[in-house]
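Asks: If you count by mature numbering (1 follows the signal peptide of the UniProt record, and there is no 0), then the sequence shown holds residues -31 to -1, 1 to 257, one letter each, in order.
Derived from the structure by calculation, the hints contain no laboratory data.
These numbers were taken from a predicted model, which means no experiment stands behind them.
Yeah, the Cβ is synthetic: ideal placement off N, Cα and C, and Gly gets one too.
Treat the hints loosely; a few may be bogus.
[To be verified] Here are the computed distance ranges between Cβ atoms for each label pair:
1) Pro10 with Trp200: 42 to 50 Å
2) Gly228 with Thr91: 16 to 24 Å
3) Asp29 with Gly118: 37 to 45 Å
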Amino acid sequence: MALPLPLTGRTRRWLLARGLTVAAAAAGANAIFAGRASALPAVDMELVLLAAQVDPPKPDTGLTPGASGHVREVEAALNAKGLLSAGAVDGHFGTSTVSAYAAWQRSLGYTGLDANGIPGPTSLTRLGEGRFTVTRAVSTGSRTDTYGGRRVNTRTRDMLAAADATLSFGLVLSQGSYTSSNPSSAGTHDGGGVVDISVTSLTTTQRWQAVRALRTVGFAAWLRNPSQGDWPYHIHAVAVSDPDLAQAARNQVHDHYFGRNGLANHAADDTPTAYRVPFTWWEQYRRG
């Protein structure tokens, strides 16, 4: 319950002359202040994260549909902190916004992945104090969960389990997240949300079925083959909108969003049409 606001002696006499009680007036004043607080704009974290993956690799300052208004609120708050120029408050979550947000995270004492320039629920809430409220927060959960013996975060584990449950065969991970042990991965596994899946025991149809299942729950997923690089057949999957994604993995989400292959040549996605699904992410999938 809100505490009554202090009223001066003159205000008390004015109220009594009009037949109003002090308690009633204080309650009304508190309601006004509560109304002002609830009137703060809402920033949708899911859409901010989407823009933070899709916008930086763009050749211009094009906006991500549906996200730009939410990004602009974040940028205005960064500008108010002296971390982002007024000219960059444009709704485009580009490299300057990523750098400014990383500076904000460092000012909170964060380091490493926690200061990667991509909003987490705590840093975004802190940034919004007195300016905006955060809706549809996204969290990775624990960074030390596992799936099939490979390290992943809780969000990635839940996504893999959901995809696995739709298949008649099991998903077997050959590489997890938070690891730089495989140089051919080009840094994509340095953060969270990224896994490689072995397909040596699967038929061609099963391999594509696995890609479709992973995309359905919110992964950017591709079937890799030896002609593309120094690797065997496998599926590479990136959890869209994971706040822990390394920059290289975020760039792959950008490619997936625009129907590309997530490789250095940014060629068209070679996934057969029958196994493609609309772009989505875990939280959106769960809402149905």
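Asks: Could you work out which earlier hints the structure fails to respect and list their numbers in ascending sequence?
Replies: 2
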